[in-house]
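Produce the complete structure using the sequences and hints provided.
Protein chains in written order, with the UniProt record's numbering: chain A, 1 to 296; chain B, 1 to 296; chain C, 1 to 296; chain D, 1 to 296; chain E, 1 to 296; chain F, 1 to 296.
Any given hint might turn out to be false.
Identical copies look the same in the list; a pair holds intra-copy or inter-copy alike.
Only pairs whose alpha carbons sit at most 30 angstroms apart, straight line, appear in this in silico BS3-like list of lysine-lysine [stated by the list, open to error]:
(1) Lys244 x Lys172
(2) Lys21 x Lys172
(3) Lys137 x Lys25
(4) Lys264 x Lys172
(5) Lys264 x Lys134
(6) Lys135 x Lys75
(7) Lys91 x Lys78
(8) Lys42 x Lys236
(9) Lys236 x Lys172
(10) Lys25 x Lys135
(11) Lys42 x Lys135
(12) Lys160 x Lys25
(13) Lys134 x Lys21
(14) Lys42 x Lys21
(15) Lys236 x Lys75
(16) Lys137 x Lys21
These aren't lab readings, by the way, just hints derived from the structure by calculation.
One-letter residues, chain by chain:
6 protein chains.
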Amino acid sequence: MEFSAEVKASILVDALPYIQKFYGKTIVIKYGGNAMINDDLKNKVMHDIVLMKYVGIRPIIVHGGGPDITGFLQKFGKTSRFVSGLRVTDKETVQIAEMVLVGKINSEIVSRLNHLHVNAVGLSGKDADLILAKKKKAVIHNENGSTGEVDIGFVGQIEKINSGLLNDLLDKNYVPVIAPIGTGEDGASYNINADYVAAEIAGAMQAEKLLLLTDVEGIYRDYNDKSTFLSTLTQKQVQDMINKREINGGMIPKVEACLCSLAKGTGKASIIDGRQAHSLILELFTSQGIGTQVIR
Amino acid sequence: MEFSAEVKASILVDALPYIQKFYGKTIVIKYGGNAMINDDLKNKVMHDIVLMKYVGIRPIIVHGGGPDITGFLQKFGKTSRFVSGLRVTDKETVQIAEMVLVGKINSEIVSRLNHLHVNAVGLSGKDADLILAKKKKAVIHNENGSTGEVDIGFVGQIEKINSGLLNDLLDKNYVPVIAPIGTGEDGASYNINADYVAAEIAGAMQAEKLLLLTDVEGIYRDYNDKSTFLSTLTQKQVQDMINKREINGGMIPKVEACLCSLAKGTGKASIIDGRQAHSLILELFTSQGIGTQVIR
Amino acid sequence: MEFSAEVKASILVDALPYIQKFYGKTIVIKYGGNAMINDDLKNKVMHDIVLMKYVGIRPIIVHGGGPDITGFLQKFGKTSRFVSGLRVTDKETVQIAEMVLVGKINSEIVSRLNHLHVNAVGLSGKDADLILAKKKKAVIHNENGSTGEVDIGFVGQIEKINSGLLNDLLDKNYVPVIAPIGTGEDGASYNINADYVAAEIAGAMQAEKLLLLTDVEGIYRDYNDKSTFLSTLTQKQVQDMINKREINGGMIPKVEACLCSLAKGTGKASIIDGRQAHSLILELFTSQGIGTQVIR
Amino acid sequence: MEFSAEVKASILVDALPYIQKFYGKTIVIKYGGNAMINDDLKNKVMHDIVLMKYVGIRPIIVHGGGPDITGFLQKFGKTSRFVSGLRVTDKETVQIAEMVLVGKINSEIVSRLNHLHVNAVGLSGKDADLILAKKKKAVIHNENGSTGEVDIGFVGQIEKINSGLLNDLLDKNYVPVIAPIGTGEDGASYNINADYVAAEIAGAMQAEKLLLLTDVEGIYRDYNDKSTFLSTLTQKQVQDMINKREINGGMIPKVEACLCSLAKGTGKASIIDGRQAHSLILELFTSQGIGTQVIR
Amino acid sequence: MEFSAEVKASILVDALPYIQKFYGKTIVIKYGGNAMINDDLKNKVMHDIVLMKYVGIRPIIVHGGGPDITGFLQKFGKTSRFVSGLRVTDKETVQIAEMVLVGKINSEIVSRLNHLHVNAVGLSGKDADLILAKKKKAVIHNENGSTGEVDIGFVGQIEKINSGLLNDLLDKNYVPVIAPIGTGEDGASYNINADYVAAEIAGAMQAEKLLLLTDVEGIYRDYNDKSTFLSTLTQKQVQDMINKREINGGMIPKVEACLCSLAKGTGKASIIDGRQAHSLILELFTSQGIGTQVIR
Amino acid sequence: MEFSAEVKASILVDALPYIQKFYGKTIVIKYGGNAMINDDLKNKVMHDIVLMKYVGIRPIIVHGGGPDITGFLQKFGKTSRFVSGLRVTDKETVQIAEMVLVGKINSEIVSRLNHLHVNAVGLSGKDADLILAKKKKAVIHNENGSTGEVDIGFVGQIEKINSGLLNDLLDKNYVPVIAPIGTGEDGASYNINADYVAAEIAGAMQAEKLLLLTDVEGIYRDYNDKSTFLSTLTQKQVQDMINKREINGGMIPKVEACLCSLAKGTGKASIIDGRQAHSLILELFTSQGIGTQVIR
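Here it is in structure tokens:
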């Protein structure tokens, strides 16, 4: 469907209040899921980010690994063992993960953005010690009911974000694109959940918003009843729903990332549907918005 | 007609190449005609300018006087005498013109822009000697075929634009709104055609574009045949059309302003239809564009 | 009388301690009364302001309307009604007041200053929302002794000074000249007493001094006995004199402006005689000073 | 052998003239060969670079791939075909090369430098379009004596260096570490010889020096006679030696890189022995220097 | 004689055009002769310089040695030998000269200026190698009519002015006070004629004016006829008068200093009478001016 | 003994942690004693300071007078009277002291540093009122056991350090060299103990370190037993040793200076042996260090 120029112009002007609202603000985007696999969606997310940049937003992208890591591990003949849902990550595994994340996925995002005429710069947590991390222990529940900690290798949790480099780059109009690799005191690489990386970066930057691109519409009171969609939740409401197990499964790390980033100073955190074309623009620049936002 | 958020988002993203094209560029808008009288159009022009500002353009507005000057002259019981189409402007007339331009029209535009959350600052040619002018003589054609010059009072022609103040204001993110009053060496006020003021300002600022809002669609090869609309003309083509009297009447000062601003360094100059809603946005941010542009 | 170069040189050097005292300081001048009407005095005030600028002061001028507004209202056949000494100001009246203040008086001051080689910029309260105002109600005393409030139209009282624009202009060496028009939330124009505008501007700028040019020498303990002239009064002394009705009539708004500006952070406030040639220079740069100053 | 503090102090002071000579200058280091494989040498090179940084030099590191790329290709079961000595590089091969260069080797250098308390930032030619490249054709010599060009895939030659990002990082005291991956107009990755990348970067940055760390002592007139070592050669002498085939084999790309960087504005270019401990410091800060330098 | 405040104010305002003329300009003052000996004159010169600073001038003071050097040499029992009018200056003599110039005279001027609330900083030609000098040879005329050169020790002529330090200090609002000691390549001290130092400094700084305070009124066509005073001379006229020996004796180095500074880029150079109270202010800020100025 | 380039390189690299530790830090050096008399030591101290500057330290030098002052006083036939160990300093004496300190010693240090290619600038306490001082009274012990104060002339104690000039010079990469002359309210010169000047400057600049070059190795528990050397003492330990008279004589002012500078914010203060070649470098850049440091 083609629209008249008049329609286009008036839609542009209607976006003005939203553009003004985010002008000069930092927004952190966790880029993952289908939006990172489907080529058409990839393309649309890139356009959305470039538009954000040109209307005065300071976007920061944190990406996940998608299925690429698993694919490359298979090519190398590595099979993965899991403990409490976390992949046991030996030295060779984290090495391959880092190569895929930094040398393939990050590199491709940077290249696509530059192609659209913004100056993107790829980073990992090692650059200027951006993400200091330490070993994350997996908790196991023994048969006798007791719990214990198990070493699962180079899976990291964040100790500190050194945001100086991000500010230096943003001030010079670069768009930082960050791979979720942390660096240990000893210089070791750690693979970190990208949702948490995005949340901590958003907190450290005192971002206006954290946007998590996922493969679901957002949060429902009752997942089977589409009419119970929740467009806004407070921190407390989210915590209650977790306690009551109304939120569970793969949604847990998403909402935990939201809560974490709010606790560290982010303005708002939203879970939005990356399968939807131009979901970032929909969320930021239209009255409807999409997804579920978590507020204070 | 209401559009879905998806449509809106994709229209916003379609505007990206145009937004990128004008990012950081200076654009001078001559604001006059119906767009300055009709309240709905006024409102839309203001929104257009604010949007331009927020997507990274440095807009400068030059406005005309509209029918307000004539109205106030009548209230004061002044009747106007014309020589070769130029109003004979005595001291009292220019005083009233200045009061209307600076104290009413300029003031209202500034107020409307500030209301939409940009910082607008009203200027006349007297502020920091922005527009230095001298007396313009009217040329008369005597019965015997000879020509002569007649003093028509305080009608000015521009001698010099002191653009320092404009740069200082633009660098601090203000939107300058300029009334077409020039200042003479002796401090006298001169009334100047706003098209020429806009053209000279665009030239002095080495603007990317001069946009003249008028009450016509643009230039036609044959004014009676709408199918002969000309969307782009070179300087030379315009000059030829003037010589052949294919352009005449009220269109002459418009195209002269375009030629003048190109000669002084403006990138392009366009005559666009201010009666059309959101004509500025149509011209800048859609593939169709509108009006007639004059290029080198 | 002509003086020898030696005398001139030594007088210049004698001014040094005063020049040092005000170097780099902001001084707000309320310009009104005879000093704004008599052409010779006008000229001298302008020279004084330029000298202030060149010896390192940051002057800001706020001007009143003088008899011009009344003159123009008469030309338009408007007759004014007064309530409790305040002119009832309908929409047309405030429009004419704004045109006279901004388009005539302000414009002339700016032109004169530029002519003396400082870069003056004319402003009204609408520029970058410099003076936010709301409707001022007149208090009336009913026959039965009770009091009430009456709507007298577009007479404003100041809600907030947005001093950003003033600082931006002063930092770039411009001299701001301000017309006492405020802007309401709805974009309406309000006519405001210039003494109060000067006082609030001085407060918001944390000015070193507020200088009110008036048509009297200053304050006397006994107005009929010239020997009782008071050259310095504390805030408290002024308040006591108001309470005892030793200060009354037209002097009340002047001293209230002084008290207001001191309360908001101005260093000192002086009422000086604008009928005296070079009264600004006399006050600032000679040991005698003139007028009455109000201190903390 | 332990030295007395006095000896140490006097050696530090003896280095002063060399430190002064390079203060504030940009030096590009091509890091490759044994110095990138042997752990002890790695460690020493890193210390050398950190010392360079702390005595006021602006170092830029360009690294090669070492045997890692070949190793990973083997793990993936890729076998390489060579044409005229250049590896035929299909899409999967360049993908693996990029992953190894950017996600493993670059990452490790950055991590080691940060560990020594300089802020290193890893880059590839894709970041802010640092290295624009196009396909390099291999020249083949046919049996009939004619020559032809063969497409060998994603092997690149440099079209343009966009040095803005390097300057922004150096000005903020970061040490850039660059992987030799170029980006094509279409966003494709190209594998480029690291010596040439270093040479072009040195030229674009108008570097004081290009230092190529290799596995030989430098250039000999007669390679079999160690007494014919050449410590300085002019561009012309090098060209003559190439023409006379006195320089040949693996040394050709090294000296071509030197000639290229001199032609583009680098001050001097040196081939130094990376197998020697602290060869960078030896070259820069001692009277003996090491290796062969090529000068204008 | 006491003057009324009105007289004072009008004299201050009369100085405005002169103040505007020199605003932001650099003026070099050679301070010597009676103005450096008589305590009342000293005091007045200091006030003049402080006033210059406060009305926006960037003054630089170069001082001579007055009779202090001779006095201290006598105290040390040194007798001086002269060749062609130049004192033969052995190592001990230049040492004492430097101590007197830098440690006594310069120090006193700095102290007096700081006491009047400007930030003065004392310099000699050694500070940041401000004045690079070499040995000046005296020319002698032998009895047989031939000429020869004689080594007269540590009398210097200027090779180069390194004006970086002066600009750094002026930009931070300090007043530089310079003792006429030059530094040789070997670090030796050279005593240099202060008139020449002032001239070279004025040239290197592209000063607006060089003012030489002397003990004469200026230049006369006929020294015995006061009515032949010359207030302005061109370079050519001065050269002619030197050639015709109409200028001779102690006036020669003064006019040579003027010619030298004009040749190197100073705007104008004036010889003024330091015995006259406030001669600097008279020269700069009154219509009469004083002394003889040399122009292009 | 000549060392191999390899040895030199590794010693340079060994200094890296120390260089990093002091990078960007301000260090104040009191330069006096033998290090200021012996030409070879002079030369070495200068090299040390230049090296400090080039490895990123901001050095400030405060020098004493050495035997030069006494020598010049003798030449002038002045004999000195002492009260409680302090020289009675009449006007002529302080004048000669200032001339020697500022015009000879300071001048020579500045010249030597510039010769080694750093930009040194000589200062006394008069420059921009760097050191404000007042008269110091000597305490005398009368025979009857009572104490009294005696006027000993122009011996000063510090009232205030105006460090603005030092920061302006350091920020522009100059090395300040300070003579210990203070300025009184009346502009009088005061001779001040250089150890105290260095201590107060270090405090005012919040220096990382104060280094006092002396003619002893440092502090011993028992001066006659070299094995009791103390390399580190806390403030409290020093105070205890003073109270127990374990520290006495000429060491008292040294340790008092250390305590004073620590109290005012200096990080550490060290007494080091200036008779030792390159003692500054030894102290700062080797693991052994030298001398006695006083810490909090």
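We went through each hint and held it up to the structure:
{"no.": "1", "hint": "Lys244 x Lys172", "in the structure": "neither (46 angstroms within a copy, 50 angstroms between copies)"}
{"no.": "2", "hint": "Lys21 x Lys172", "in the structure": "both (22 angstroms within a copy, 19 angstroms between copies)"}
{"no.": "3", "hint": "Lys137 x Lys25", "in the structure": "neither (35 angstroms within a copy, 41 angstroms between copies)"}
{"no.": "4", "hint": "Lys264 x Lys172", "in the structure": "both (25 angstroms within a copy, 27 angstroms between copies)"}
{"no.": "5", "hint": "Lys264 x Lys134", "in the structure": "within (19 angstroms within a copy, 40 angstroms between copies)"}
{"no.": "6", "hint": "Lys135 x Lys75", "in the structure": "both (26 angstroms within a copy, 28 angstroms between copies)"}
{"no.": "7", "hint": "Lys91 x Lys78", "in the structure": "both (12 angstroms within a copy, 23 angstroms between copies)"}
{"no.": "8", "hint": "Lys42 x Lys236", "in the structure": "neither (34 angstroms within a copy, 46 angstroms between copies)"}
{"no.": "9", "hint": "Lys236 x Lys172", "in the structure": "neither (38 angstroms within a copy, 42 angstroms between copies)"}
{"no.": "10", "hint": "Lys25 x Lys135", "in the structure": "neither (33 angstroms within a copy, 35 angstroms between copies)"}
{"no.": "11", "hint": "Lys42 x Lys135", "in the structure": "between (32 angstroms within a copy, 26 angstroms between copies)"}
{"no.": "12", "hint": "Lys160 x Lys25", "in the structure": "both (22 angstroms within a copy, 26 angstroms between copies)"}
{"no.": "13", "hint": "Lys134 x Lys21", "in the structure": "between (37 angstroms within a copy, 26 angstroms between copies)"}
{"no.": "14", "hint": "Lys42 x Lys21", "in the structure": "both (26 angstroms within a copy, 23 angstroms between copies)"}
{"no.": "15", "hint": "Lys236 x Lys75", "in the structure": "neither (45 angstroms within a copy, 51 angstroms between copies)"}
{"no.": "16", "hint": "Lys137 x Lys21", "in the structure": "neither (41 angstroms within a copy, 35 angstroms between copies)"}
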